[in-house]
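Full structure from sequences and hints, please.
There are 2 protein chains.
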Amino acid sequence: MDAHSMMMKRLAVVFGLACGITFSLGSRAQQADGPRYMNGTSLIRPTDYREWTFLSSGLGMTYEPPGSSSPASPSFGNVFVNPSSSRSFMQTGRWPDGTVFILEIRKSNSEASINKAGRFQTDLVSIEAEVKDSRFPDGWAFFLFGAAPSMRSAAEPLSGDRVTSCVECHTKNTAVERTFVQFYPTLLDVARQKGTLKPGF
Amino acid sequence: MDAHSMMMKRLAVVFGLACGITFSLGSRAQQADGPRYMNGTSLIRPTDYREWTFLSSGLGMTYEPPGSSSPASPSFGNVFVNPSSSRSFMQTGRWPDGTVFILEIRKSNSEASINKAGRFQTDLVSIEAEVKDSRFPDGWAFFLFGAAPSMRSAAEPLSGDRVTSCVECHTKNTAVERTFVQFYPTLLDVARQKGTLKPGF
Chain R
30 MDAHSMMMKR LAVVFGLACG ITFSLGSRAQ QADGPRYMNG TSLIRPTDYR
80 EWTFLSSGLG MTYEPPGSSS PASPSFGNVF VNPSSSRSFM QTGRWPDGTV
130 FILEIRKSNS EASINKAGRF QTDLVSIEAE VKDSRFPDGW AFFLFGAAPS
180 MRSAAEPLSG DRVTSCVECH TKNTAVERTF VQFYPTLLDV ARQKGTLKPG
230 F
Chain V
30 MDAHSMMMKR LAVVFGLACG ITFSLGSRAQ QADGPRYMNG TSLIRPTDYR
80 EWTFLSSGLG MTYEPPGSSS PASPSFGNVF VNPSSSRSFM QTGRWPDGTV
130 FILEIRKSNS EASINKAGRF QTDLVSIEAE VKDSRFPDGW AFFLFGAAPS
180 MRSAAEPLSG DRVTSCVECH TKNTAVERTF VQFYPTLLDV ARQKGTLKPG
230 F
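Residue numbers (my numbering), protein chains in the order written: chain R, 30 to 230; chain V, 30 to 230.
Hint data in this document are derived by calculation from the structure and do not stem from the laboratory.
Do not rely on the hints blindly, as some may be mistaken.
Note that identical chains are pooled: a pair holds if it fits in a single copy or bridges any two copies.
[Unchecked claim] With a Cα cut of at most 20 Å, we get these calculated EDC-like pairs of lysine to aspartate or glutamate:
| # | residue 1 | residue 2 |
| --- | --- | --- |
| 1 | Lys227 | Asp190 |
| 2 | Lys201 | Glu140 |
| 3 | Lys227 | Glu206 |
| 4 | Lys145 | Glu80 |
| 5 | Lys145 | Asp126 |
| 6 | Lys223 | Asp152 |
| 7 | Lys223 | Asp126 |
| 8 | Lys136 | Asp218 |
| 9 | Lys136 | Asp152 |
| 10 | Lys145 | Glu197 |
| 11 | Lys227 | Asp167 |
| 12 | Lys201 | Asp77 |
| 13 | Lys201 | Asp190 |
| 14 | Lys223 | Glu206 |
| 15 | Lys136 | Asp62 |
And the structure:
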């Protein structure tokens, strides 16, 4: 398993990666802040996602048992969603077509400046996206833009062998649709009120 | 030292608390998303700050030496700023009058759902604010809204003995004006480019 795959496995738990495999052309999502594509299904990497709605962050999250791969310097994962979809979720507890999640992975540091313990965020590592779009057969697709500072400006949806385990995990373990709302405290309350949590949550 | 003071000491490092002590009335900040006051200087607690610009988060940050007060269950600190001031900083590397920072403190958890290590965010603990407003003698004021779920809807600026050590620390240790830009990676790059970092950063 290469370094990138390790990181994916470690951090993908923040929203994980389930993956559309084949595509059909249909109506496009209409939000001004929704997904923008190149050549039909290549997602153009959003450059303004730091102005989007922040959902939560985690440090060193993993679904590996502790100790098997505990990093000396764990990474932060920050999750952002396009603002119009966030507002829609707060009203309905569901994600509208055209929702874009961004998982931003950053290095962490501890002793620096006046900080003596705990960890804070530093350099960008990579960006990944998860998009709800009815043009994809299962309604969702997942995109990797590679490692900073040489990220791709657009990415094809993941497909084939790269996504098999993701699909199973995201179908089984997510609290709302294909998203890990159990890790986003402000959304969890809304989903509970709206009755959109899956059974068991 | 009570629980609240301990928490303050532990988490205030994210942006720390320097404090205006006396006030004079002058022109008000004009941003639509800027500070709103009651009775002149009591800051009305913003209820929409989760739609503001996210700056960064830290876990268990402290300026105490490690081991002296390491919590078994460390808290996350999320920092948000009003969007118009964020856009202004990205252009100039400085904070305009009327800037509002929110520090949101949340509990953390580890083993839950499919997560087996690392930590993610859970319940809200408290909210604090730092405001740049030229009506305050040193240009900045700091506000505590108490503990969730019984937070105050407005708060007077900290003053007197509650803030003496904060003032010294914030004058000495902050990278840009009274703010810990060294812990906000996207802003740190901008301040470096614009030449607004204090000497030593």
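How the hints compare with the structure:
1. Lys227 - Asp190: neither (27 Å within a copy, 51 Å between copies)
2. Lys201 - Glu140: This pair counts as between: shortest inter-copy Cα distance 17 Å, intra-copy 39 Å.
3. Lys227 - Glu206: within (8 Å within a copy, 47 Å between copies)
4. Lys145 - Glu80: neither (30 Å within a copy, 31 Å between copies)
5. Lys145 - Asp126: neither (44 Å within a copy, 31 Å between copies)
6. Lys223 - Asp152: So lysine 223 and aspartate 152 pass the 20 Å test across copies only (19 Å; inside, 38 Å).
7. Lys223 - Asp126: within (18 Å within a copy, 40 Å between copies)
8. Lys136 - Asp218: between (29 Å within a copy, 15 Å between copies)
9. Lys136 - Asp152: Within one copy only: 5 Å inside a chain, 24 Å across chains, cut-off 20 Å.
10. Lys145 - Glu197: between (41 Å within a copy, 18 Å between copies)
11. Lys227 - Asp167: Close inside one copy (17 Å), not across copies (52 Å); limit 20 Å.
12. Lys201 - Asp77: Classified as neither: same-chain Cα gap 32 Å, cross-chain 33 Å, threshold 20 Å.
13. Lys201 - Asp190: within (19 Å within a copy, 54 Å between copies)
14. Lys223 - Glu206: Answer is within; shortest intra-copy Cα gap is 14 Å, inter-copy 44 Å.
15. Lys136 - Asp62: neither (27 Å within a copy, 31 Å between copies)
Comparing the model with each earlier hint shows violations of hints 1, 4, 5, 12, 15; every other hint is respected.
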